[in-house]
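Residue numbers (our numbering), protein chains in the order written: chain R, 2 to 196; chain L, -17 to 460.
When the alpha-carbon atoms are kept at most 20 Å apart in a straight line, the in silico SDA-like pairs for lysine to any residue are as follows:
| hint | chain 1 | residue 1 | chain 2 | residue 2 |
| --- | --- | --- | --- | --- |
| 1 | L | Lys191 | R | Pro153 |
| 2 | L | Lys191 | R | Arg144 |
| 3 | L | Lys192 | L | Asp20 |
| 4 | L | Lys191 | R | Leu142 |
| 5 | L | Lys29 | L | Gly278 |
What follows is a set of in silico ranges between Cβ atoms, one per label pair, in the way DEER data are often shown:
| hint | chain 1 | residue 1 | chain 2 | residue 2 | range |
| --- | --- | --- | --- | --- | --- |
| 6 | R | Tyr110 | L | Ile37 | 51 to 61 Å |
| 7 | L | Lys96 | R | His100 | 46 to 56 Å |
| 8 | L | Ala448 | R | Gln178 | 35 to 45 Å |
| 9 | R | Glu184 | L | Ala448 | 23 to 33 Å |
| 10 | L | Ser394 | R | Tyr110 | 36 to 46 Å |
| 11 | R | Ala75 | L | Asp446 | 29 to 39 Å |
| 12 | L | Asp446 | R | Lys173 | 37 to 47 Å |
| 13 | L | Asp289 | R | Phe95 | 48 to 58 Å |
| 14 | L | Asp289 | R | Thr177 | 51 to 61 Å |
Which stretches of chain L does chain R cover? Using the computed rule of at least three CB atoms under 8 Å from a CB of chain R, they are:
| hint | stretch |
| --- | --- |
| 15 | 8 to 21 |
| 16 | 159 to 171 |
| 17 | 180 to 193 |
| 18 | 214 to 221 |
Rather than coming from a laboratory, the hints here were simulated on the basis of the structure.
The beta-carbon is built from N, C-alpha and C at its ideal position, and this holds for glycine as well.
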Amino acid sequence: MSDTAPTFAESVHTPSRVSTGEVYGLMAEFIEPDHVVRAARRAYRAGFRKMDGYSPLPVVGLAEAIGFKKNRVATIVLLGGVTGACSGMFMQWFASTVHYPLIIAGRPYASWPSFVPITFELGILFAAFSAVFGMLALNGLPRLYHPVFNAPGFDLASQDRFFLCIEATDPKFHLTQTREFLESLGARTVSVVEH
Amino acid sequence: MAQVVSTHGHSHEGNGHSHSEILGGHQSYTTVTDTISDVVLKRPLGKAWLFGFAIAFALLMMFLFAITNLLVRGIGIWGVNIPVGWGFDIVNFVWWIGIGHAGTLISAILLLLKQDWRTSINRFAEAMTLFAVACAGLYPLMHMGRPWLFYWLAPMPNTMALWPQFRSPLVFDVFAVSTYATVSLLFWYVGLIPDLATLRDRATNPIVKKLYAIPALGWRGSAIHWHRYRTAYLLLAGIATPLVVSVHTIVALDFTTGIIPGWHTTVFPPYFVAGAIFSGFAMVATLAIPLRSYFGLKDYITDKHLDNMAKVMLVTGLIVTYGYMIEGFMAWYGANTYERYQMLVDRPFGAYKHDWWLLILCNCVMTQLLWFKSIRNNVILLWLISIVINVGMWLERYVIVVLSLHSDFLPSSWGMYHGTVWDYMTFYGSIGLFMTLMFLFVRVLPAISIAEMRELVHELHERDEAKTHATPPAARTV
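Next comes chain R alone, as it looks inside the complex (with noise of 0.2 Å):
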């Protein structure tokens, strides 16, 4: 479709991209979802660690077949509701009863049930915020510029294709063992991704 096209960090990266020869990793190109699951299952069972899945769409099941387990992002989103709706609260109390004490309509200084919707907002607000920047902290983003955008082809990872890339930091890594392997995997293309 768009083979002759520049990739993003062709495109981005040309006047620093400085190809030093090293290699990432392999990049098997699949053009089925389950495909890429039922690939990612067979490297691991091979023993491969490290790799990732790339894809247009969460692919359910990837993730796990590359041997990715914790996922922290809920654990998070719960500390930051829990600190929002408490600093809401605190916030609420101490200025009603320490630094200005003023009383309303005959209620107690701490009269915590008008204080109920402020914290649930300021809640809901730090969780929404742990939520993504939670999520973009574990993952590594913002990151412009990642060896994988080298890989021939790979501006369809954001369109219709699936991948593998097997990293060449995987101490069973060998540059053509490997390629052969991923080849036996059904692969459309394997190629070398530099860095």
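Dock chain L against the given chain R, drawing on the hints supplied.
For chain L alone, kept in the frame of chain R given last:
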């Protein structure tokens, strides 16, 4: 190159809901990607778009003029005075924020309920939320008279050692609306990240490519990233759901904590929330119908979508009607002279009776047309009804705000209120702001979530596969 995933076209198979109704034609990952992103990247500026944008922009300039005059001369240019101290500004605030709520409902609540028909309308419904909240937020600021002191609303120990009055719903509102605006923005942006990456990879112009690359944050579709992304998105939906209910509840509390007859009623929070969804879905229909025909997106926003939206409008319209009935009933049953006069005499037969009857006509009577399938499936009629509902919901807020204030307890403090030309210019001007943002949005960002449409294609494909493989064992051995 393109693998075609059949979604069994328009064939309706036996009983149950045929899911092809929500995605027309033969769609694949490639076709959804191309069709939706081409609207942004390849389609030239059309005459109709330019014409619409010109009108919206002219209205926006009128808005700017009205606000400038307001800042120079003060809110005396508006019709508000004692006894009616809340006029168009609060009416418009509640109207806009209500419209915004449908966006969150579609993107968050329908996601949690696994309603896959939401997929093609959630993106622009969320954009609608953002722009509507932006319009809504301007009104209380302008109504302050000295908007440059807006930061006094923020909880900070300032030089006068003052704090906001945390027991007041008006302060709840500051927190609720600003949280709502922030969470809506985050939700919308997170949803956009994979699509921005698609646009980055498809754009051929190097400058355009960079402009999409930066907000795409270097998204590369990693399986691990997607895993965390899905969790974050789902949790955002989960927290946006109680948030949207809380926001309009707090807006309702602004009124109900006052002792004004016509405001001081417990039915307000639930019927405000229903009214918000009612008007919001009407606005989504008002926008979706021209959008899908102009950009050729009828395979994505299908008649089934419009039918479902009409059904939501019907249900919420009935809840709103029930709210009006309960208001009247409680006024009669509660035996409060002032409330009884307000609800049962002044509204239907008083000085503003035309507004009240028009409101009943728009919200209660016209909505009943949606019972009929033939009317729900008539696009033009549905579009007109959705506009009627928008008008009706504006009138509802007008009736609540103005009529309750204009005749409260003592006849000596009764008075009439009418919007001045500046009130109208500000109101229509804010529609200009909303429309301008909408017009720009559909040109520069994908109006339908591409990544989620791919997911929908995938799911429909899997369902098809499951159907074909679900042959009885006996048949397989033969």
